[in-house]
Amino acid sequence: MAAYSDLGGLGTKQGPPVRFVWTLPSLLPLLLPWLAVLGLLALPSNRTARAWWIWVPLAGLALIGAAVGEVADAANNEGLSYPAQAVVAAVFGMAAVWLLGSSLARRWRAVSIALMTLAFVAVSLLAFVVSPLWERLWDMRRWESEIILYLLLFWVASGLVISGAMNLTGWMCRKRFSRWRVSLLLPLWLWVMWLVAGIALGCVMTFAFNDNFEWKGILLAALILTLPTFLVMLPYLILSFANSFYRERLKDLLRLPAVDSLPATPATTPAPGREPALPSAG
Amino acid sequence: MGVAWALGVLTLRLGAAESVVSTEVVLQRQAVPYELETVYWNIDKTNAPFLKEPELSPENVFRSVLRFGGKDTNNTIALIWDQPKSKLHLDLNRNQDLTDDPAGVFSSSGKGRQQLFTNVTVFLLTPAGLNPVALNLRLSADSAGRQIQVQLGSRSIWQAKVGPPGKEWQVAALDDPFNTEGMDAAKFLLLRPWTERTNHVSLRDPTSGIVHFPDQLFWQGQAFRLERRFETSGGNAACKLELTPQQPSLTEVNLSGEFLQYAVLQATNGYTVLLSEPPGRLKLPQGVYTVRAAWLKKGAVKAYRLANAPLIINTTTSTNVVLGGPLTNSVRLTRQGRKLSMDYQLLGADGGGYQLAQVGRGMAPEFAVYQGGRKVHSGSFEFG
Numbered sequence: 003m004a005a006y007s008d009l010g011g012l013g014t015k016q017g018p019p020v021r022f023v024w025t026l027p028s029l030l031p032l033l034l035p036w037l038a039v040l041g042l043l044a045l046p047s048n049r050t051a052r053a054w055w056i057w058v059p060l061a062g063l064a065l066i067g068a069a070v071g072e073v074a075d076a077a078n079n080e081g082l083s084y085p086a087q088a089v090v091a092a093v094f095g096m097a098a099v100w101l102l103g104s105s106l107a108r109r110w111r112a113v114s115i116a117l118m119t120l121a122f123v124a125v126s127l128l129a130f131v132v133s134p135l136w137e138r139l140w141d142m143r144r145w146e147s148e149i150i151l152y153l154l155l156f157w158v159a160s161g162l163v164i165s166g167a168m169n170l171t172g173w174m175c176r177k178r179f180s181r182w183r184v185s186l187l188l189p190l191w192l193w194v195m196w197l198v199a200g201i202a203l204g205c206v207m208t209f210a211f212n213d214n215f216e217w218k219g220i221l222l223a224a225l226i227l228t229l230p231t232f233l234v235m236l237p238y239l240i241l242s243f244a245n246s247f248y249r250e251r252l253k254d255l256l257r258l259p260a261v262d263s264l265p266a267t268p269a270t271t272p273a274p275g276r277e278p279a280l281p282s283a284g
Numbered sequence: 064m065g066v067a068w069a070l071g072v073l074t075l076r077l078g079a080a081e082s083v084v085s086t087e088v089v090l091q092r093q094a095v096p097y098e099l100e101t102v103y104w105n106i107d108k109t110n111a112p113f114l115k116e117p118e119l120s121p122e123n124v125f126r127s128v129l130r131f132g133g134k135d136t137n138n139t140i141a142l143i144w145d146q147p148k149s150k151l152h153l154d155l156n157r158n159q160d161l162t163d164d165p166a167g168v169f170s171s172s173g174k175g176r177q178q179l180f181t182n183v184t185v186f187l188l189t190p191a192g193l194n195p196v197a198l199n200l201r202l203s204a205d206s207a208g209r210q211i212q213v214q215l216g217s218r219s220i221w222q223a224k225v226g227p228p229g230k231e232w233q234v235a236a237l238d239d240p241f242n243t244e245g246m247d248a249a250k251f252l253l254l255r256p257w258t259e260r261t262n263h264v265s266l267r268d269p270t271s272g273i274v275h276f277p278d279q280l281f282w283q284g285q286a287f288r289l290e291r292r293f294e295t296s297g298g299n300a301a302c303k304l305e306l307t308p309q310q311p312s313l314t315e316v317n318l319s320g321e322f323l324q325y326a327v328l329q330a331t332n333g334y335t336v337l338l339s340e341p342p343g344r345l346k347l348p349q350g351v352y353t354v355r356a357a358w359l360k361k362g363a364v365k366a367y368r369l370a371n372a373p374l375i376i377n378t379t380t381s382t383n384v385v386l387g388g389p390l391t392n393s394v395r396l397t398r399q400g401r402k403l404s405m406d407y408q409l410l411g412a413d414g415g416g417y418q419l420a421q422v423g424r425g426m427a428p429e430f431a432v433y434q435g436g437r438k439v440h441s442g443s444f445e446f447g
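The listed protein sequences correspond, in order, to chains A and B. Sequential numbering from 3 applies to the first sequence in our numbering. Sequential numbering from 64 applies to the second sequence in our numbering.
Hints in this document: simulated from the structure, not taken from any laboratory. No false leads were mixed into what you were given.
Calculated cross-link-like contacts (lysine-lysine; reagent style DSS-like; alpha-carbon spacing at most 27 angstroms):
{"no.": "1", "chain 1": "B", "residue 1": "K150", "chain 2": "B", "residue 2": "K108"}
{"no.": "2", "chain 1": "A", "residue 1": "K15", "chain 2": "B", "residue 2": "K365"}
{"no.": "3", "chain 1": "B", "residue 1": "K438", "chain 2": "A", "residue 2": "K15"}
{"no.": "4", "chain 1": "B", "residue 1": "K148", "chain 2": "B", "residue 2": "K108"}
{"no.": "5", "chain 1": "A", "residue 1": "K218", "chain 2": "B", "residue 2": "K108"}
{"no.": "6", "chain 1": "A", "residue 1": "K15", "chain 2": "B", "residue 2": "K361"}
Build out the structure end to end from the sequences listed, making use of the hints.
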């Protein structure tokens, strides 16, 4: 490859050729988040065939996210490509939360929130680090040295928002659990939690950095962040409503008792691979 | 604009190494037609009226205070922005009476929520005395009307033309009016060929060749101790530079590289050197220098050295210095995951990055991709 430019006598127009040998990148790093999910499936609490249904929302969302990312990349639309890759990473984090649900919930509420956040952040970050976006962000440290710290704070904030919203949704559903109550209350609490995160950020920017924070933008920004967060969670919610194993997981995550307004599951230990009928709406 | 400049009171005896008589250069204050530095302030609106106020519009009148130098109460100037009348009133004499400052009333041609006031001169108190500062003020109010956003641009420069005919230099001192520790007059020095004086410079752009005012200067083969002071005569303020010849230890340097018009080298604790000599052997004061700016010129084409990779020159012993052209079009290829990143670089003979001074539309560098000696693709580099 060679570069050309008219230098007006300060140098020659054609530069010297530069050689580059292109080899296909290794696919192994891309498998790491999938292997992490596989590892979580090997936990004793997940040793049932019904737990393998987790691949449905995970693979579905990952495929959609990757397709959107590819289309955005081809159109050179970084405004869509970057969020798409972040959403794909969050899909893995969410799968980890669902697979670890019972272990995370059987503790004090504060510890449960912290552990849920940690699980989400750890697996999401693993998926994020192996994505092509990470290499670009790593390169951007040349201009913004703190970018990795901001990124980490964003993922921790996302984890706290999700675990906080799930706890608050569970609290609102403690007397009456139904798929509609959960599906309507969860986005509301996600929005509230993103608002809280925005206000916290605004306070830091205003009082610590003496910056002119655009407070009015928080309402809209929280709404914009709520939408992809809920879209990532929705397939897992649908799985939980349809699958008795994951319904119990959802109730664990919401910190609800095992008995609810939904019809009881027909068997406590159903045969692997056989699903009970879809429960009716509450 | 008719550039009003002043010759030094005495002609600088450049190259007179044997001279021990101090030379004085008088720099006159000028206002350049562009902004040397721009800052943005958010200032709170005050509701209480000032002691005396002019006749104002019934609404959309903003009262506040401009604070130069942070907590320095000596340089707070009350202001009233009458948005409907596009008028700005400044309390230049700081007596809270905004009716007795005829030179403090400014008009804007704009009528909207954002208004620009040009040629605003305020007098700021400095350790050297009262110093006039020419500013542009762009005012706008937030939607709640609680704060005023002020964009301030400084335009003051102290300058003189120095040197024999055909080899004149612009010697300029620049203020630091927005320093949070207080206004600092003539804090920076700018030296460049007089023919380049109309080229825009920025206080925060290291490629401009602007340096913190040095105590010691090496210029045209002569070392000087440099001092400055301010005087006012006949109502006009002047900044006087005194150049006293010095005899430092010199080291021989072999300078190579083409098209060098001038370069500014700065040692941490020593001399600031202005190089404008053709390639060859020359002598410089001993020291470890950083190349702050380097400008190349051939005909009408100019290029400057980028500041991202400063060049260090050690002249504690005799050395070879490569600075300038010829320039080479180059492309840096780096893998970013599944993508190949192509970065255009214009490299000098010293290995540093350069940029052409005039880059317009349709002048973007191009690239060509070859496979097995056959051209398979071509295109233009884009910014960003």
